[in-house]
Structures are given as C-alpha cells and as structure tokens.
Amino acid sequence: MTAFKSAVFSGCLALWTVFIGGIIGFPAFFLQRRAAFVIQRWWGRGVLVLLRVFAGVRFEIIGREKRPPGNILIASKHQSMWDTVIFLLLEETPPAFVLKKELIKIPVYGWYCLKAGMLPIDRDGGALALRALQRLAKQRFAEGRSIVIFPEGTRMKPGEHQPYQSGVAGLYKILNVPVAPVALNSGLFWPKAGLTGRRGVIRLEYLDPIPPGLDKRAFLDLLEARIEPATRRLEAMEAAPPL
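Just so we're on the same page, the working numbering is the position in the sequence shown counted from 1, plus 56.
Among the hints, a few may not be true.
Unchecked claim - Okay, derived cross-link-like pairs now, DSS-like style, lysine-lysine, Cα gap no bigger than 30 Å in a straight line:
| hint | residue 1 | residue 2 |
| --- | --- | --- |
| 1 | Lys122 | Lys194 |
| 2 | Lys156 | Lys213 |
| 3 | Lys213 | Lys161 |
| 4 | Lys171 | Lys161 |
| 5 | Lys156 | Lys171 |
| 6 | Lys156 | Lys122 |
| 7 | Lys157 | Lys171 |
| 8 | Lys213 | Lys272 |
| 9 | Lys213 | Lys157 |
| 10 | Lys122 | Lys161 |
| 11 | Lys122 | Lys248 |
| 12 | Lys161 | Lys248 |
| 13 | Lys194 | Lys156 |
| 14 | Lys156 | Lys272 |
| 15 | Lys229 | Lys272 |
| 16 | Lys61 | Lys156 |
| 17 | Lys157 | Lys248 |
| 18 | Lys194 | Lys272 |
| 19 | Lys157 | Lys229 |
| 20 | Lys229 | Lys213 |
| 21 | Lys171 | Lys194 |
| 22 | Lys272 | Lys157 |
| 23 | Lys229 | Lys122 |
| 24 | Lys61 | Lys248 |
| 25 | Lys194 | Lys61 |
| 26 | Lys229 | Lys61 |
| 27 | Lys194 | Lys161 |
| 28 | Lys171 | Lys229 |
| 29 | Lys248 | Lys171 |
| 30 | Lys272 | Lys61 |
| 31 | Lys194 | Lys229 |
| 32 | Lys157 | Lys194 |
| 33 | Lys61 | Lys122 |
| 34 | Lys156 | Lys229 |
| 35 | Lys248 | Lys156 |
Hint data in this document are derived by calculation from the structure and do not stem from the laboratory.
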C-alpha cells in the first residue's frame, strides 16, 4: 500500500508540476520575475494539497514569532523536498534559496529557479564558488529578499546529521544580519526515497535567532546546537505508524 500511494503521489506531483509550470505558467517566462514567484506559490500550495490527500500529512508551524522582522538569513535543517516548498509559502517576500547547480538542469523546476533568481552553487567549486555565491546573495538581499540555506548542504535522514558547511558562515559574515535557525521533521513523512506511508504532522519550528557578529567557529557551533537537538525533539513527537 505504501509503495502504491507513493507511486500515485509521485505521478500526480509530476503532472501538477508540468501543468502549473509548463502550461499555466509558461507566460511567466516572458514577464517580470514576480510572475515566476506567483507560479511557484501556486505550485507549492498544490504540493501540500497532494500530501494531505494521498498521504494524510498536514503541517504545523511553531515559534514563528521568533523570526526576526525583515529580510534575514534562514538556516534550516533539510530532510525533504517539503522544506523548499514551505518557505515559498511562509515568506511574505519570495526568498532566494541556495541550491546545488544540478537542480537547475531539471526541466520546468530548474527553469523557474533561474527565472526566480535562486542561488545555484557548484559544490565542487571551492573558494571561487563560495565567492560567487556571496556576490549573488548580496544582490538578492539588496532586493529585499531573505536567503534560505541548508547548512549541511544536502538532505539528511531523520536522526542523522553531518558537520555544518562553511557556506552558511560565509553568508552570515558578509550579510551581517540575524539568522533564524529552523528545525523540522519532514523526513519522517517524505524523505528522498519517497513517501514513507506515515500519517501525521510535519512540524517546522523557528528557534531563537542568532545575532550578527560572532566569529565563524562560534556561529557554526551555536547554529548546530540550536538546530540538531530541536530536530531530534520534533522527530520524537508522536506520529501515526505506516498504513
């Protein structure tokens, strides 16, 4: 049953992506960037509906009042595609995501990422790639947009983590703004391999913000100390077993 539901969900998600992005949203490529933002939000709302209908998965946002006002740097745990969807809907001004350059090559999805001014990075590009990322991030921030980055650089399975990468520390230093750490448990329901069949509530929690001005090591240690225990706590919260 789990494999069947996951396959149906994946098929509907692909159809929805092609429909909203390739048909309804096609004119957005010839309009201002704002049009791409609107299409992305429509797409995101549809994804959440599909999750609720096919997987019985809802979501809850905790601690939103802890998010500093204005455009900031958001450093979030990353376990699922859901994590990118939700920030498209939570942020009043469309955020700019730091993402691996390979995602730009995905038909429809990658096209909209480029049109929307996301921040692709070559993870094998070393210092040159990081400097290019920082330049682009400053441009997007000057446009009034928040920057979303996943400090580990990839999706992690629930219960796992790896050292936080220097990219988030570089953005923290160059932007000189508060950081909103975010914990979540989305991987319990929709990991990289597909739906788990688990019903319940994806929880995303804004944690105490980190002020600007810390040195690199102190910042990374504090960021990890904020996010990882909170993520384990959210993962441990009750959820219905797979059907």
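*Broken hints, by number*: Hints 10, 25, 26, 30 and 33 contradicted; others consistent.
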